[in-house]
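Take the given structure of chain A and dock chain B to it, following the hints.
These protein sequence lines are chains A and B, in that order. With the working numbering applied, the first sequence corresponds to residues 23 to 355, in that order. With the working numbering applied, the second sequence corresponds to residues 1442 to 1843, in that order.
Quick caveat, the hints were computed from the structure, so don't treat them as lab data. Backbone N, C-alpha and C define an ideal beta-carbon position, used for all residues, glycine too. Treat the hints with care, as some may be off.
Unchecked claim - Here's a subset of chain B near chain A, in silico, CB distances under 8 Å, partners left out:
no. : residue
1   : 1548
2   : 1549
3   : 1550
4   : 1651
5   : 1653
6   : 1737
7   : 1755
8   : 1758
9   : 1759
10  : 1764
11  : 1768
Each chain, letter by letter, is given below.
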Amino acid sequence: MNHSDSLHRPLQFVTGKGGVGKSAVAAAIAWRLAREGRRTLLFQVNAADAHSSMLGVDPIGADEREVVPNLWAVNSTPAAALREYGLLTLRLRAIYNAVFENRVVKSFLRFMPSMGELNMLGKAWYHLGTDREETRRSARSRDRTVFEHVVVDAPSTGHGLPFINVARVVAEGALPGPLKSQAEAMTRTIQDPRQTAVHVVCLPEMMAVEESIELLQRLLRERIAPLGIGVINRLGPHLFGDDDLDLFTRLRGEAAPDVRPLLQAAWLRARREERERTLHNRLLAGTPVSWRALPDLVEPVTRREQIRSLGDLLFDPRRTASRDAVDDQRPGA
Amino acid sequence: MQSTINDLVRDSRVLCVVGAGGVGKTTTAAALGVCAAAAGRRVLIVTIDPARRLATALGLDEIGQQVRTVQIPAHGDLPALTLHAMMLDLKGAWDDMVRRLARDEKQRDAILGNHFYHYLSTSLAGAQEYIACEQLFTLCTERDYDLIVLDTPPSAHAIDFFEAPGRVLDVLENDAIKLLLTPSLVAGRASLRLLDLGGRYVLRVLTKLVGMEMLHALAEFLLAFEGMYPHARDRTQGFRQIFSSPTTSFLVVATPTRQALAEAAELTDRLQRDGLHLGALVINQIYFPVDPLPAPERFAQTLSDVVGVQRGENLTRAALETVRQRNRRAAVEREVVDTMLGRLASHPRVFVSRLAADVHDMETLIGVARELCASPAGDLRVASPFGDFPGSSTARTDEVAT
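Next up, chain A with everything else stripped away, as it sits in the complex:
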């Protein structure tokens, strides 16, 4: 496996500002990996399940399920992840039930700082089989809980970085004990540039761009996890150029009333496109990642073919964004 390519690393997180299309990007990456014949797990973090409608499958719950060949999906919840962790640690279901159904333990675990996040992150990590590396290779390949790739649709910025970082925070902050050692093992994987990548999704809008730049700087500065790719979602294709905007601006003052509605529509669009190009260049200049641009789909993402084609675009190196190059569909251009 080529680990230099961040889209092929075992553990991938997709994050960004709320509403930018993280779920669609995560689903697109995971499905594409599955189509390459790799056993892949698409992992939602206690989310309002968005993946099932995008992939056109039944609602996705807290147990992994194969939704299309090679692609498994799960919507992890703190309670279910804790239950799995408990069962793994205590081995016996009877003991688990006796302990975890206890009122005191329930409220205690709810209070344990970051326990919910840590358990969900731990579950994503567990499915890589890293902790079972020592077992014989053949035995590991038969282990149905192990996946080649786990693609995590992480929470949005405010909660996304704390989520990805929770293992390290616990590893550094917790007092010695089983929790700490577990968190340390997770941190080793998450900080390993051969194993983990964080992809950042962004829109060509001022605040999303500013937030993405800030997010990428924090990821680097605080060494939270290795960077993956950047995705500029809903960019273009553009219908007008800068010279067209100048022309419309000039004509607006003098246009006859019956010309104005169309001129107004064209001017607004041309102006938005010009702003998008500026923001696109600002992103490229201000961040140390490779950006891929995805087109603006007029239709909402409800058909799985859209997710399929987004995946192909993301994996196409020719789609790597470069300065001043926004998909241009000017008639006659």
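Coordinates of chain B only, in the frame set by chain A:
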């Protein structure tokens, strides 16, 4: 002028802005502040926002935990306005609360220095929501403002806002945890109860899960908080009173996407179940259709006169494509809104155009405020981006992004 939002900003003392992440809660809160100031009210906007977007929207680099006065220069028919804004610093607000409520210096230092306190104040689920309510309570009691607009914290599920304060309270006053973790510090009677709970066995398993030292630190923390629980309980009662007051309204914000609208519907149900007042559903970042379709001939003619027939025709095709895409999008969105909110049709709705997606300067913020104030509680058909907004200046129409 009569409109849903105008009525709300005039008659309310508290407006809570709730909704899924990324739908424009912060911008809506800021715009409501502008509406209220325009209606002559002394208004404070309170936000808790890790991404500090309200600061951007208000043209301030940083709003501190202190209340800041924001001056908005006169703009079109809008006179110069003054409003107030503050950003809640989570850690700072918790520290303040501990300082205020601690019995003495010893208790205060014991809490502030505890290993777990750091987690509680920064990372515990619900900590943000609890402190937001605490802040709202204090501000309401001081009554320095006619209206407080509360921007709620971003969360995985918008509904969390209503659960979170209770969750923090559960933790702070959970006797079972205290009994379990402090057996050496409570009298014999409690030890007996511990045995009833199967305490020793449970403790052993917990040790296996998280380690003994963690358990000790937690026990110390809970002891340090002793005596502050009644306060927390009183406060939760107080929060409930504020939220259910007839002068408090909730604004549920959503973008025209399935996911955001589903959360909005869920929130609306929740408000009704709890007997809280829904002021309006704000459908944000919507595309209004271009209606009637403009005739292209004169447009093509005008352009051809200036830039030649070839480029004139190309630009006309592109302009018509712009309108086609925009109307298609408007139709798709409208269908989604109707599907998802059909059963909530009786609640007042307010639509704000797409421009709100990118509010980062004062002028655009005023534009959103104008739309909010002007929008009658109607449906999509009443507004057109090329028409004028009732009661607003014509300058505004230029700002509607396609």
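A quick look at each hint next to the structure:
For residue 1548(B), the suggested interface contact is broken, since its CB lies about 20 Å from the closest CB of chain A, more than 8 Å. For residue 1549(B), the interface hint is violated, the least distance from its beta-carbon to any beta-carbon of chain A being 21 Å, above 8 Å. Because the closest C-beta pair between residue 1550(B) and chain A is about 20 Å apart, greater than 8 Å, the hint is violated. Given the 8 Å rule on beta carbons, the hint for residue 1651(B) holds: about 4 Å separates it from the nearest Cβ of chain A.
A hinted interface residue such as residue 1653(B) counts as satisfied when its beta carbon comes closer than 8 Å to some beta carbon of chain A; here the least separation is about 7 Å, so the hint holds. Because the smallest distance between the Cβ of residue 1737(B) and any Cβ of chain A comes to about 6 Å, under 8 Å, the interface hint for this residue holds. A cut of 8 Å between beta carbons decides the hint on residue 1755(B): the least distance to chain A is about 4 Å, and the hint holds. For residue 1758(B), the interface hint holds, the least distance from its beta-carbon to any beta-carbon of chain A being 5 Å, beneath 8 Å.
With 8 Å as the threshold, the beta carbon of residue 1759(B) comes within range of chain A, its nearest partner Cβ sitting at about 4 Å, so the hint holds. Here the hint on residue 1764(B) is kept, as its CB sits about 5 Å from the closest CB of chain A, short of 8 Å. A hinted interface residue such as residue 1768(B) counts as satisfied when its beta carbon comes closer than 8 Å to some beta carbon of chain A; here the least separation is about 10 Å, so the hint is violated.
Violation of the numbered hints given earlier is confined to hints 1, 2, 3 and 11; the remaining hints are satisfied by the structure.
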